[in-house]
Amino acid sequence: MPHIWCPGCGIGTTVNCFARALIESKIDLRSIALVSGIGCTGRVAGYVKLDSFHTTHGRAIPFATGLKLANPKLNVVVYSGDGDLSAIGGNHLIHAARRNIDLKVICVNNLIYATTGGQTAPTTPGHAITSTSPYGTCEPAFNLPHLVEAAGAVYVARWTTFRIQLY
Amino acid sequence: MMQARWGSHGDYEIIALCPNSPQECFDLTIQAFNFSEEFRVPVMFMMDEVVGHMTEKVIIPAAEQIEVVPRKHTQKPSHEYLPYETNGDGVPEIAHAGDGYNFHVTGLTHDEHGYPNMTPQTQDKLVRRLQSKITNAADRITLLEEESLDDAEVVVVSYGITSRVAQRAIELARQQGLRVGKLRLITCWPFPEKRIRELAASTKAFVVPELNLGQMVREVERAAAGKAKTYGVPHAGGSVHRSIRWNLFCAPIACRTSGARDAESEPR
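Protein sequence lines, in the order shown, are assigned to chains A and B. When you line the first sequence up against the working numbering, it's residues 1 to 167, in that order. When you line the second sequence up against the working numbering, it's residues 1001 to 1268, in that order.
By construction, these hints were calculated from the structure, which means they are not laboratory data. Watch out, some of these pointers could steer you wrong.
As the list claims (entries may be wrong) - No more than 27 Å apart at the CA atoms, straight line, and that leaves these computed lysine-lysine pairs for BS3-like:
no.	chain 1	residue 1	chain 2	residue 2
1	A	Lys49	B	Lys1072
2	A	Lys73	A	Lys49
3	A	Lys49	B	Lys1194
4	A	Lys49	A	Lys26
5	A	Lys73	B	Lys1229
6	B	Lys1204	B	Lys1125
7	A	Lys68	A	Lys49
8	A	Lys68	A	Lys26
9	B	Lys1194	B	Lys1125
10	A	Lys104	A	Lys68
11	B	Lys1229	B	Lys1194
12	A	Lys73	A	Lys104
13	B	Lys1204	B	Lys1194
14	B	Lys1229	B	Lys1204
15	B	Lys1072	A	Lys68
16	A	Lys73	B	Lys1072
17	A	Lys49	B	Lys1076
18	A	Lys104	A	Lys26
19	A	Lys26	A	Lys73
20	B	Lys1076	A	Lys68
21	A	Lys104	A	Lys49
What the hints assert, rightly or not - Ranges between beta-carbon positions, derived for each pair:
no.	chain 1	residue 1	chain 2	residue 2	range
22	B	Glu1085	A	Ala128	55 to 61 Å
23	A	Thr132	B	Pro1120	55 to 61 Å
24	B	Glu1085	A	Asp102	32 to 38 Å
25	A	Thr132	B	Val1068	27 to 33 Å
26	A	Ala21	B	Thr1119	47 to 53 Å
27	A	Ile101	B	Asp1151	57 to 63 Å
28	A	His95	B	Thr1119	37 to 43 Å
29	B	Lys1125	A	Gly66	26 to 32 Å
30	A	Ala128	B	Trp1006	34 to 40 Å
31	A	Gly8	B	Arg1040	36 to 42 Å
32	A	Lys73	B	Glu1080	21 to 27 Å
33	A	Gly136	B	Tyr1115	39 to 45 Å
34	B	Gly1237	A	His95	32 to 38 Å
35	A	Ala128	B	Asp1124	41 to 47 Å
What the hints assert, rightly or not - To be clear about the criterion: a stretch of chain A counts as covered by chain B if any three or more of its residues have a C-beta under 8 Å from a C-beta of chain B, and this derived list gives those stretches:
no.	stretch
36	13 to 25
37	51 to 64
38	114 to 126
For glycine and all other residues, C-beta sits at the position ideal for the given N, C-alpha and C.
Using the sequences and the accompanying hints, generate a full structural model.
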């Protein structure tokens, strides 16, 4: 499938895993609404044959919250990146975890703002040299699973696109 | 006022409503939702600080008496449905998420299918649709309150809490035999250009008191296009427009040009 993601990037891998998981789960695809924000991962919404919403930067979770409240039968999936979900949308992330209104949030964490040119993100590891931290990032990074767990998320998991199970 | 109109990037029209009482806060909130549903556009609800903190009697009608305008939902089967196709009014029919339409919403330049399409032709068509769906219905969206405009030599254009200060000033002026009329903007955006143009042909001057140093006065001046003089009565806030009377009825005679002069600094 032709796509916009760079060679070697893990986003396509996650989309592949997500699509396979949907098929395997035998869930009614009509019941799924996929909501993304802005950024590399934000473009996922444009590649799925589902009701899909490419929303404003950082606001995927508020949009998804509205969808879920309007129609609780929908399986609402938020699919976005670390910059979108934990920086500009950081407050929405922790409050979604606190509220537990049955959203599934998939955060593809590439540790940086990639599509805009490699700027430091809240997830960028300390001392990393980026386009906005030429002498190394001077701030500690968010640990997102710990953050959302502390905020009350009922299920939290993390894995790497480097090691996926092949079918 | 300008941020409500120009708050985002891109080119679009927006709707903004300016209540001047708690009752209108209730009534116009319903109107705001109805406009939003009908035109599929955010509606700005512009309570100023004073209106936002007011306490007055509010009559809340029974729920069944409140008119609710639902958004247009598509009746087409999914294989015939194009999410951004319109029948000429610029407002597409929406599909319910979960009904199997697989429709896509994006802020990127998109065509009738809803998917990104970055050609200049698509961009032009999209922006013109977003604008025209509001401008074509502007007469219906632009809510105005008018009083004594038939013989008015001076028209006071106001909105929000300032319109209630202006009301008293207009009444006092009328008592003194001055031919002053009232035009209150209940809808500030889209701006009532057509009405201002009409009035500019029959009146000598517009006076625009505002609880800021002059924002909507620029729109009035632009729409009047030199056919009638336009005078701002700016006031930074913190008190009522105390010297509004001087400004309203002496300023046009003195032929001041519109400009940022605080009402407080004028003679009383």
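Do the hints match the structure? See the list:
no. : hint                              : result
1   : A:Lys49 to B:Lys1072              : holds, 23 Å
2   : A:Lys73 to A:Lys49                : holds, 19 Å
3   : A:Lys49 to B:Lys1194              : violated, 46 Å
4   : A:Lys49 to A:Lys26                : holds, 15 Å
5   : A:Lys73 to B:Lys1229              : violated, 59 Å
6   : B:Lys1204 to B:Lys1125            : violated, 40 Å
7   : A:Lys68 to A:Lys49                : holds, 19 Å
8   : A:Lys68 to A:Lys26                : holds, 21 Å
9   : B:Lys1194 to B:Lys1125            : holds, 25 Å
10  : A:Lys104 to A:Lys68               : holds, 11 Å
11  : B:Lys1229 to B:Lys1194            : holds, 17 Å
12  : A:Lys73 to A:Lys104               : holds, 14 Å
13  : B:Lys1204 to B:Lys1194            : holds, 17 Å
14  : B:Lys1229 to B:Lys1204            : holds, 6 Å
15  : B:Lys1072 to A:Lys68              : holds, 20 Å
16  : A:Lys73 to B:Lys1072              : holds, 22 Å
17  : A:Lys49 to B:Lys1076              : holds, 19 Å
18  : A:Lys104 to A:Lys26               : holds, 17 Å
19  : A:Lys26 to A:Lys73                : holds, 16 Å
20  : B:Lys1076 to A:Lys68              : holds, 24 Å
21  : A:Lys104 to A:Lys49               : holds, 18 Å
22  : B:Glu1085 to A:Ala128: 55 to 61 Å : violated, 47 Å
23  : A:Thr132 to B:Pro1120: 55 to 61 Å : violated, 32 Å
24  : B:Glu1085 to A:Asp102: 32 to 38 Å : holds, 33 Å
25  : A:Thr132 to B:Val1068: 27 to 33 Å : violated, 48 Å
26  : A:Ala21 to B:Thr1119: 47 to 53 Å  : violated, 35 Å
27  : A:Ile101 to B:Asp1151: 57 to 63 Å : holds, 59 Å
28  : A:His95 to B:Thr1119: 37 to 43 Å  : holds, 39 Å
29  : B:Lys1125 to A:Gly66: 26 to 32 Å  : holds, 28 Å
30  : A:Ala128 to B:Trp1006: 34 to 40 Å : holds, 38 Å
31  : A:Gly8 to B:Arg1040: 36 to 42 Å   : holds, 40 Å
32  : A:Lys73 to B:Glu1080: 21 to 27 Å  : holds, 25 Å
33  : A:Gly136 to B:Tyr1115: 39 to 45 Å : holds, 40 Å
34  : B:Gly1237 to A:His95: 32 to 38 Å  : holds, 34 Å
35  : A:Ala128 to B:Asp1124: 41 to 47 Å : holds, 42 Å
36  : 13 to 25                          : violated (count 0)
37  : 51 to 64                          : holds (count 6)
38  : 114 to 126                        : violated (count 0)
Of the numbered hints stated above, those contradicted by the structure are hints 3, 5, 6, 22, 23, 25, 26, 36 and 38, listed in ascending order.
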